[in-house]
Amino acid sequence: MEAYLGYFLYFLSLLTVGGIYAILALGLNVQWGFAGLFNAGIVGFVAVGAYTYALLTTAESTFHLGGFGLPLPIGMAVAMLASALVAALIGLVCIRLRSDYLAIATIGIAEIIKLIFKNETEVTNGPRGINKIPRSWEHFSEERFYSSWPMSWFGTPENWEAFFDSLPNWYWQPLFAGTIILVVFAIYKMLERARTSPWGRMMTAIRENEPASRAAGKNVTRRRIEAFVIGAAIMGLGGAFLAQHLRLIEPTNTFDPSKVTFLVWVMLIAGGSGNNRGAILGAFLIWTIWSASELMISGIIDLITAIFSTMDASILQTRAGFLRMMLIGILMQVILQRYPGGILPEVRPASPKADTKTADPTGDTK
Amino acid sequence: MWDAFGFEFVNFYLIPGLVLGCIYALGAIGITLTFGILRFANFAHGEIMMSGAYLTYTVMAIVAGAGLSLHPLVAMVPAAFMVILLFLGTDRYFYKPFRKEDTIKVVMASFGMMLIIRSAVQVIWGPNQIAFVPGIAKPNAWLQSFTGDLGAMIIMPNKHLFIFAGTVIIVIALGYLLNRTRIGKAMRAVSDSPDLAHVTGINVDKVINATWIVGGICATAAGVFLVMDTQTLETTMGFRMLLPMFAAAILGGIGKPYGAVFGGLVIGLAEELSAYPWIGDAPLLSPGYKTGVAFAIMVIMLIVRPQGLFKGRSF
Amino acid sequence: MTQPVLSLNNLKAGYGQTEILHDLSIYVNPNEIVAIIGPNGAGKSTAMKSVLGLLNIREGSVVLNGEDITDTPAQKVIEKGISYVPQTNNVFVNLSVQENLEMGAWTRPNGVEARIAEMYELFPDLAEKRNQAAGSLSGGQRQMVAMAKALMVDAKILLLDEPTAGLSPKYRGEIFSTIQKIKNTGVPILIVEQNAKQALGVSDRGYVLVDGANRHTGTGEELANDPEIARMFLGGGH
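Chains as they are written, first to last, in our numbering: chain A, 1 to 366; chain B, 1001 to 1315; chain C, 2001 to 2238.
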């Protein structure tokens, strides 16, 4: 039984982290899949969401601003808003840039955001980060929650303490995973509606043929900023969940661009950009490959060190993570070249089949 | 006057700024040439530069194993060959398949290459810092006494003199290549208009290979100069340099190698001088935000004058 | 009967799925100027690009001096002696006039100096501007650079895509007289033109292209005097 519980909890953690990545991939899908905006600074929006959530919901601390001990849903909502606000500011300035310029600009913005979190120690506790971030469902078992409104209405602190003691210590795991899956589903439903709405069709039209859309009197810039802001808000929510999952965030390792920005991109490309179901599928699939490869590689290391007893296992272990990163990078290249549409290619919302466009090689007009 | 302000300003702000500027300039040359001729922002450029430094270190270590010590500038030569092969191989297998497709595909491929190359370096050499040249670099005694006699003492270690000299030589050689040789002129022609180059019969593939070779040499030099300056090898240095190098390329105007050199020097100086106590005694900008300077300059350029100072291509 | 320098035989061609040329047949004899005229969208420029292997040829053939060059890539076509001047974007604006000419000789790297000297004789205006960036020249002078650049290979035939588009009447006349001069050096010319009357004036023969196929053929004079063609294209103020 104990062994099965271990597998069950491992499965739940796959669902949890996979779900957080699915949220991020859905956010990116709004920006890239719908609007064709190359955001290479996903990690910046995730960090804004995570830090906002952390500052608002942690208990008061001498190490950083606040914490304000606000209810968790408020923390999550403000995290979305903060991320959206940052995106709106960036959007006003950068949205008209060509794709690779936008990528450079967003990479830079993400680095600046991290720089601010690292340097403004008064607010964020700098490189040491923010600790004890409350996690949905698990937080009920913390004293500051069960001894105050609204939980205090339903029972005395002693009763609550006894209640949580009677639960297994992993009681929150299925609930937390379930909440995230529910959020993924809700975002999916909303984005599907958006995609097939006139707004979504307009986005497709803009992406396919910008000059024509402009000529037709569409406010291309505004639509793009909208997509950028909506995507960023979703990423902010993902950041809030990431903060809950980790419970400790700091600017450098938590928000490593290769593990956030890059992995999310691989997920979306693998699943199929432009396709919301593809984004979700890609997130869970790549995350499963990522975690499974960790187990596999550590198994291989055990084997190697068993055979060559002179090898230092610790060196191999520190480098194994990078080998995984490299393999994911190669996987992405293979997908880009062999399966450019991803596993679930984009399905156009009821619109006439687009002509296959071929560039005029000399660039002349007749 | 010199003692009160000049000495500190020149030796602790201006010269380090120029050194950094030279490094950015060499990196930005490759970026601007690739951007101009192949029409995409190569995100892997910083990592290629970083791997050039690691390869140079390895060449030196191997030779040291044989009991000889090799100057980095000599060890750089075989390393540059390997970097060129790395560039050509990357192009052949990862960029070329997207040549006729939307630019964004190849940008993404380069984005992926950035991770692959960095991870590969981390697997091979490990993620920790490595001392490139141990010890403290002593100032050049001759320069110190000579300028000291003139009343404006300049304290500059040999490594900085090598970096300045190396940069000047490379920039002059580049100027010769682009303005005097057939392939160099063709590079400018393709940068000007790939379509016209195609119907003029110019062998665009050959020009692209030449671009990678020139970019590879400059990137290796930039990487080696950087580790000569900091004396440590780090796997994150490529990514750290990427943004300032892009900023330099954009500042100078995409497709303009001399613009990139100028842009590199401006960005390098701006980063160092931003920490100078211009007003009062405190640094104008907290040193923690130094890396933000390049970015700020880049964003302002993109908004105000996207074609760059020297009228490069704007998109 | 002489063998044509260049012939397009029953071409069907287009971009991707769209077919633009439906049945096009054109030939150019040695020492001839041939004009293709026709309304916008008739496929005039497309006809030229099909020669250069820049688009999909479904049926038919392109023959240069008896050699089938259908679907040969642009660079090979140029090496074989077909020189092409696009309508717009036809000089390297950041390169000097001299450098433009050098680039024109990319496929024939020998004897470049001598040929550049010949070009300065043919286009005397360019000689004094040799070190100026081509982008700084006027539209007419750019057209001269573009033609000189195209003649740097010893061209077997010169293709000109609307050389006078967007030029003032003064320059138009100059371009057409230059075209005559080029012909006199022994290079046959195929020219696509909107300015039908002037083009037919210098041409030995002409084709009227409508909807991707040749509708009328005749000597320049015949076409210029044909009332139907006059009504179709020549009515405007040219």
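Check before you lean on any hint, since a few could be wrong.
[To be verified] Not close to chain C: a few residues of chain B, all C-beta gaps over 12 Å, as computed: (1) Ala1061; (2) Gly1065; (3) Trp1125; (4) Ile1154; (5) Ala1189; (6) Asp1195; (7) Ala1197; (8) Val1199; (9) Asn1209; (10) Met1301.
[Claimed, not checked] Straight-line distance between alpha carbons at most 27 Å, and here's what the computed BS3-like set of lysine-lysine pairs gives: (11) B:Lys1100 / A:Lys259; (12) C:Lys2183 / B:Lys1100; (13) A:Lys118 / B:Lys1159; (14) C:Lys2183 / B:Lys1206; (15) B:Lys1206 / C:Lys2156; (16) C:Lys2076 / B:Lys1100; (17) C:Lys2080 / C:Lys2170; (18) A:Lys114 / B:Lys1096.
Read the hints as simulated data drawn from the structure, not as lab findings. Cβ atoms here follow ideal geometry from the backbone N, Cα and C, with glycine treated the same way.
- Query: Of the numbered hints stated previously, which ones are contradicted by the structure, given in increasing order?
  - Reply: 5, 6, 7, 8, 11, 12, 13, 14, 17 and 18
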